[in-house]
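Q: Residue numbers (our numbering), protein chains in the order written: chain A, 121 to 613; chain B, 578 to 1268.
Hints listed in this document are in silico derivations from the structure and should not be mistaken for laboratory results. No experiment lies behind these values; they were computed from the predicted model shown. You may find that some hints are simply not true.
To be verified - List time: in silico DSSO-like cross-link candidates among lysine-lysine, alpha-carbon distance up to 30 Å: (1) A:K167 <-> B:K1250; (2) B:K734 <-> A:K203; (3) B:K1214 <-> A:K240; (4) B:K912 <-> A:K294; (5) A:K590 <-> B:K1214; (6) A:K292 <-> B:K1214.
What the hints assert, rightly or not - Derived DEER-like restraints, expressed as beta-carbon distance ranges: (7) B:G1156 <-> A:E343: 57 to 65 Å; (8) B:E801 <-> A:N299: 51 to 59 Å; (9) A:K292 <-> B:M1213: 30 to 38 Å; (10) B:S1191 <-> A:N349: 47 to 55 Å; (11) A:D241 <-> B:M1213: 18 to 26 Å; (12) B:K1086 <-> A:E343: 42 to 50 Å; (13) B:K1086 <-> A:R555: 50 to 58 Å; (14) B:Q1100 <-> A:K292: 33 to 41 Å; (15) B:M1092 <-> A:Q571: 23 to 31 Å.
The beta-carbon is built from N, C-alpha and C at its ideal position, and this holds for glycine as well.
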Amino acid sequence: MVSRCFSKRYYSRVSNPTIYALSTKFAKSALGVVRITGPQSSYIYQKLTKSTKEPKNRVTSVRKLYSPNSSILLDEALTIFFKSPKTYTGEDLLELHLHGGTAIIKSVLKAISELHDPQKDINIRYAENGEFSKRAFINGRFDLTELEGIREMIDAETELQRVASLSSLTGKNKQVFLNWRQEIVNNIALLTTLIDFGEDHDVEEVEQLFTTVSENITNLQNEMESYLNKIKSSEILLKGIRLGLIGPPNAGKSSLLNILANKDAAIVSEIAGTTRDIIDIPLDISGYKVVVGDTAGIRSITSTSDIIEKEGIRRAKDYSLSSDIVVIVRPINQLEQDESDLVSHIKHLKELNKTIMVVLNKDDLRDTNLTREDLIKSHSEALEIPIENIHIVSCSTSFGIQNLNDELVRRFKIVTDSDVADPIIISSRAQDILRNDVLYGFQQFHHWKDQEDVVLASESLNQSAIGIGKITGDTVGIEEILGVVFSSFCIGK
Amino acid sequence: MYRLASRRKRDLFRGLQKQLSRTIIINADLKQKLSQSPELPVVVIGGGHAGCEAATGSARSGTMTTLITPHIDKIGTASCNPSMGGVGKGTLLREVDALDGVAARITDKAGIHFKILNASKGPAVHGPRAQIDRSIYLKEMQNEILNYPNLNVMEAKVDDIIIEPNEIQGKDSTGRKYGIVRGLLLSDGRIFNCSKIVVTTGTFLGGEIHIGLTAYPAGRIGEEATFGLSDTFRDAGFRLGRLKTGTPCRLSSKTIDYTHLIPQPSDFPPQPMSYMNEKVELQDHLLTCHQTHTTPEFHKIIAENLDKSIHIRETVKGPRYCPSIESKIIKFPNKDLHTVWLEPEGLDTDLVYPNGISCTMPADIQERIVRFMPGCENVKMVQPGYGVEYDYVDPRELRNTLETKLVDGLYLAGQINGTTGYEEAASQGCLAGINAGLSYLNKPALEISRADGYIGVLVDDLITKGVEEPYRMFTSRSEFRVSIRSDNADTRLTEKGYAAGVVGEERYKKYSQEMKQFNQIKQHLNELVLSGAVWAPALKGLPSDLSKDTSVSGWKLLSYRDMSISDLIPHMNKFIRDGNVPQFYENITPRLRNKIDVESDYAPWLSKEKYHLSAYNADENLLLPLNHTYTYEGNMKISHEVCTLLNTIQPKTIGQARRIQGVTPAAIFELFKLAKGNQAAFSEQRNQQAA
């Protein structure tokens, strides 16, 4: 008895509190997933299911959940239990997949919180932001690249983004970075051999080493550069392709958007934009996240009736400048008197290499005296836009919508580079380090290689090594380098 | 690490050796005896490379010092290769010299072949090395030691160190008792009262020699091992391990045919090792080394006879590099030949040291195989090579002054700390001796950081990472090797040593004068901004030359590729308006000329390295608590493994903690939290300890 009391007190003193959190959004949805991790995970399972048995490791089961205090049935849920240490956090982990009503979720969260009983050394609390990941890191379950992938995944909303995050989570990025790290270590080891053992030891290959390293570094450099380019495309994919819409309100922009967007997921939420007049609307178009700056407040790009409208036009132009794709929507029958303002703006966009598309809407109201070809031609001449970038549609009859959709998706693919391979997500921190430390070190290396100074060239690579260590969370130490030296070269007298 | 399978055998030896009953816990009787015994303020046990520097270092601090060795005539023995310095090692030697140590000066007296290694790779990694005449070195070192001020030499064997438990400090986190050095006991029964002891027993601590399948206790061939002290360390609770080293056979020069071997002449004129010398003593008697190599037949015989070496067989896990020819053949079976350097051991001796074939095979096999080497077909082997296995103390038991954390007043230096090499030993001896002397006088310790020199790198590596194989210095171990070089050890350490009171007036005066001249020239050249047209006489018509219209300072001009102060000096009068060249341009020694060239060359990079230095210093200035027990409790989210590491090593600063292998970035973040806001308290803790 005494020893039990003692051991219990000791246990609570050293153990972590058990934490729980709703992993999905607190909103009406099909499912609500609650995650629980820590030493009391199994206890919580037993209390909620009124069971005396430990949950089975890695077995999915359907269980009725009750409020421990009132014995009221809360939900019938899917439960999965992961026994430590092979879990996401490294500690016991329990997942409850609830039915998605807010009332159900609320009641289960409340039931868990009521199990907290410090008197009995049962410490349970709601998790802080990022605490699951932090525990994973502390328990050695993840390195920094993996963790960053997770954070991006939480933010990811559409299917393609999920794939991108997963490639980081399953360690594809990690492997890329680990390989680079190893390459850098190997090359520093070659220079170390040259400097510390080149003259006084039994190394035949010495003369060739500096050149070999230089070639290796050039290859690494190219690999990293193309990786960074891929990240840039992936970023557009992740943050959403910015689609700028220009056009008068009666052009049918809203109808066009609704018809292009996958109807179920059309308008996910509203996020305040940088200006009061423009609202960013995230859309899902054929699996791509597209952020549309809705410029609905603008009557006409050429209308100059009052000061407020002038300001609105200025902002709409600014927005289009920061877009990845600009779509100009115009009613098919309506040509403005003076297009010079719009034309000069288009010219500016062209200079910035923006993709510009013109959509002529309301084909159903077209003046039947004019052929579509003629109309395209006249708009093309007025706006100085090539014919192939002008599309005629009708939101009412869906005429031309499929073609426009296909064309947009083709453009999305180009700007996100996403049909080349899986998208990559790396935090901006990692990108900065890659550019400013790792690649910069390589450039410095080449500079000193040209001066034939092997020591400063080697010091430059050290900077790259420090950088790559910061990204993988695994610093490069001299013992590791010497390990490579001694296993590759016969050294010692 | 290299714990022996033959431990029982060793215990047997120890039982035979142990004559007197040893006393760790001081009793009233012993206290009484101690109070009546004569006092020896600082004692250095051992007269090898570490011992000589420790004894002279302590003596320079002004403390009366006694070097105790069983054989005065063996003081200064170079028991392995007859050479001093090398890449990294040469820098260590220069640092010892900058602290007014003795090894570099004796090397300049005994050196018979000098070479700057890595000469083509830039001064940051230049490695000054000298082959020495073994007997001249020994004679000159003994002459130095026996006539050194404040230094006595006593021929005796130390049986035990008397340690009193430190009741105030109690026990460490693993339950070991802290202690204080009170005295020592000699094998003849004499007792001395003593509070500072530097132990530099090298390979003698529990030493065992291996030749073929024979193993017997000895520290060096023909010399007895030391066992009493090994027990002292064990009983005091120190973590001990076993390491191995080896030496090759010696050949008779007369029986070698050098005609077809590649000669390796000395540099001429040689660059002296010591800052005190402009010229080496034996400049007119320099010798040439030769290069030969092993052969497939040589390798075959070794491969077939590996079972005949107890040294090889008993290796549980050997060092990663290849100290012996056996390990080279085991690890790199595809290599057909290994280079062997034939190094003469002196002017008046026939002995040749075949560098590169350290071997522990039976003597008859050794004599057979060396004859496969070109030029050695008829060679006579004078003495076989052998292996030595010895005890070392886990250096993580040490402070950065090389005093043990466990026992106040006990300092360890040299191979006993798991290092290999004369230079590594000498630099530790120098630091430990100086600090023992300073500590006796209650003066502030001399601490050398990684940013100060390779000595700092060596000590920090030892106390932070421990050793898994004999530790050797390489330039790549230093993160500041562009600013820490063999040419500037004096600028880094002489001033510091003088301030601590361990650098003599003669050296300081010489150093100050040279620095004054250096700074005058540097300032003058920095202010001398001229166009390419004016600099033209000094330029060499290289494509890298500056154009006529570009104006640069003289100092900047020197950083251009292949530009040297020697190019400017002959034309100096053309660069100065009135033609009067300042006096400080006269009498520029070769060393000063080199210093100017190197400093100006690296000037652009050094400003960059300053950022690293300041980042390093920021971490080094963030103190961690002393004698702290790290646990997973409270707000500290540190894993059990990391706690164990931190408790073992007790890092003094965040910087040191960061360098411990296995301490994760997450743990460092937690340590930052511990350090934050507590700096004043931790600093006070240090003041109290010092008091």
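Q: Range hint 42 to 50 Å: satisfied by the CB atoms of K1086 (chain B) and E343 (chain A)?
A: For K1086 (chain B) and E343 (chain A) the Cβ distance comes to about 58 Å; the hint is violated.
Q: Are the Cα positions of K167 (chain A) and K1250 (chain B) separated by 30 Å at most?
A: Status violated; Cα separation ~37 Å.
Q: Could you see if the CB distance from G1156 (chain B) to E343 (chain A) stays within 57 to 65 Å?
A: holds (59 Å)
Q: Is the hinted pair K1214 (chain B) and K240 (chain A) satisfied, with a Cα-Cα distance of at most 30 Å?
A: holds (23 Å)
Q: Check the following: the C-beta atoms of E801 (chain B) and N299 (chain A) are separated by a distance inside 51 to 59 Å.
A: Cβ of E801 (chain B) to Cβ of N299 (chain A): about 55 Å, so the range 51 to 59 Å holds.
Q: Would you say the C-beta atoms of S1191 (chain B) and N349 (chain A) sit inside 47 to 55 Å of each other?
A: Distance hint for S1191 (chain B), N349 (chain A) is violated at roughly 35 Å.
Q: Kindly confirm whether 50 to 58 Å is satisfied by the beta carbon distance between K1086 (chain B) and R555 (chain A).
A: holds (52 Å)
Q: For the range 30 to 38 Å, tell me whether the beta carbons of K292 (chain A) and M1213 (chain B) fit it or not.
A: holds (34 Å)
Q: Can you tell me whether the CB distance of Q1100 (chain B) to K292 (chain A) sits inside 33 to 41 Å?
A: Violated, since Q1100 (chain B) and K292 (chain A) (Cβ atoms, about 57 Å apart) do not stay within the stated range.
Q: Sort out whether K294 (chain A) lies within 30 Å of K912 (chain B), counting only the CA atoms.
A: violated (37 Å)
Q: That 18 to 26 Å hint for D241 (chain A) and M1213 (chain B) (C-beta), does it hold up?
A: Since D241 (chain A) and M1213 (chain B) have Cβ atoms about 20 Å apart, the given range 18 to 26 Å holds.
Q: Going straight from one Cα to the other, do K292 (chain A) and K1214 (chain B) come out at no more than 30 Å?
A: holds (29 Å)
Against the hints set out earlier in the document, violations occur for numbers 1, 2, 4, 10, 12, 14.
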